[in-house]
Amino acid sequence: MCVDPTTGIITPYLPYGRYLHIAPLDPTTKWATDFGTPWWKDEKSCIGKLSKKPRKLTIVNTLTSQEHTLEVASEETINEIQTRYLKINGHADSYTWKRKKKPMNMNKTLEQNGVIDESDELNKLGIGENAYTPVLHLYFNDDLTVA
124 MCVDPTTGII
134 TPYLPYGRYL
144 HIAPLDPTTK
154 WATDFGTPWW
164 KDEKSCIGKL
174 SKKPRKLTIV
184 NTLTSQEHTL
194 EVASEETINE
204 IQTRYLKING
214 HADSYTWKRK
224 KKPMNMNKTL
234 EQNGVIDESD
244 ELNKLGIGEN
254 AYTPVLHLYF
264 NDDLTVA
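In case it helps, the working numbering puts the sequence shown at residues 124 to 270.
Quick caveat, the hints were computed from the structure, so don't treat them as lab data.
Just so you know, not all the hints are guaranteed correct.
Unchecked claim - Cross-link-like lysine-lysine pairs, in silico, DSS-like; alpha carbons within 30 Å at most:
{"hint": "1", "residue 1": "K167", "residue 2": "K231"}
{"hint": "2", "residue 1": "K231", "residue 2": "K176"}
{"hint": "3", "residue 1": "K176", "residue 2": "K210"}
{"hint": "4", "residue 1": "K175", "residue 2": "K225"}
{"hint": "5", "residue 1": "K176", "residue 2": "K247"}
{"hint": "6", "residue 1": "K224", "residue 2": "K179"}
{"hint": "7", "residue 1": "K176", "residue 2": "K221"}
{"hint": "8", "residue 1": "K210", "residue 2": "K231"}
{"hint": "9", "residue 1": "K175", "residue 2": "K231"}
{"hint": "10", "residue 1": "K172", "residue 2": "K221"}
Just need the whole structure built from these sequences, with the hints factored in.
In structure tokens, the structure reads:
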């Protein structure tokens, strides 16, 4: 929300102008309010869920030494992260995902696997959350089942 400099009225911040279901600043009878549920409250318009805490994660392929840093939702399981990582490495299913040499439980979240989000602590210390990013290592499984 922001204060309109002309009218002094508190309004939604709209840097690109009004859009669907946003009332005009000036009172008018030309704007209909009988459209029902606004789009931001309509479940049909929902395209995803907002994460409680997005976090950065570095994935290291130990076979190729490639590193990729992703922003993931704290609610995502390792399987869900792996599904997104398939766009980067189409053979991600052929790897064992580990943290500190311990295999990850693919059905659990990072936190449930012991990968604690330390960003709040780092911010309290004045270090900044970008100073440390947890790392998962991918170890290639020499399986001939995936072509």
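Each hint tested on the structure:
Proximity of K167 to K231 is assessed by CA-CA distance (about 28 Å); at most 30 Å being required, the pair is judged to hold. Only pairs whose Cα atoms come within 30 Å are accepted, and K231 paired with K176 is accepted, the gap being roughly 16 Å. The hinted pair formed by K176 and K210 meets the criterion: a straight-line CA distance of about 23 Å does not exceed 30 Å. The hinted pair formed by K175 and K225 meets the criterion: a straight-line CA distance of about 27 Å does not exceed 30 Å.
Straight-line distance between C-alpha atoms of K176 and K247 comes to about 17 Å, which keeps the hinted pair within the 30 Å bound. Straight-line distance between C-alpha atoms of K224 and K179 comes to about 20 Å, which keeps the hinted pair within the 30 Å bound. Pair hint K176 plus K221 holds up; C-alpha atoms about 22 Å apart against a cutoff of 30 Å. Restraint check for K210 and K231: satisfied, since their Cα atoms lie roughly 21 Å apart, inside the 30 Å limit.
A C-alpha spacing of about 16 Å is found between K175 and K231, which places the hinted pair at or below 30 Å, so the restraint holds. For a cut-off of 30 Å, the pair hint linking K172 to K221 stands: about 27 Å separates their Cα positions.
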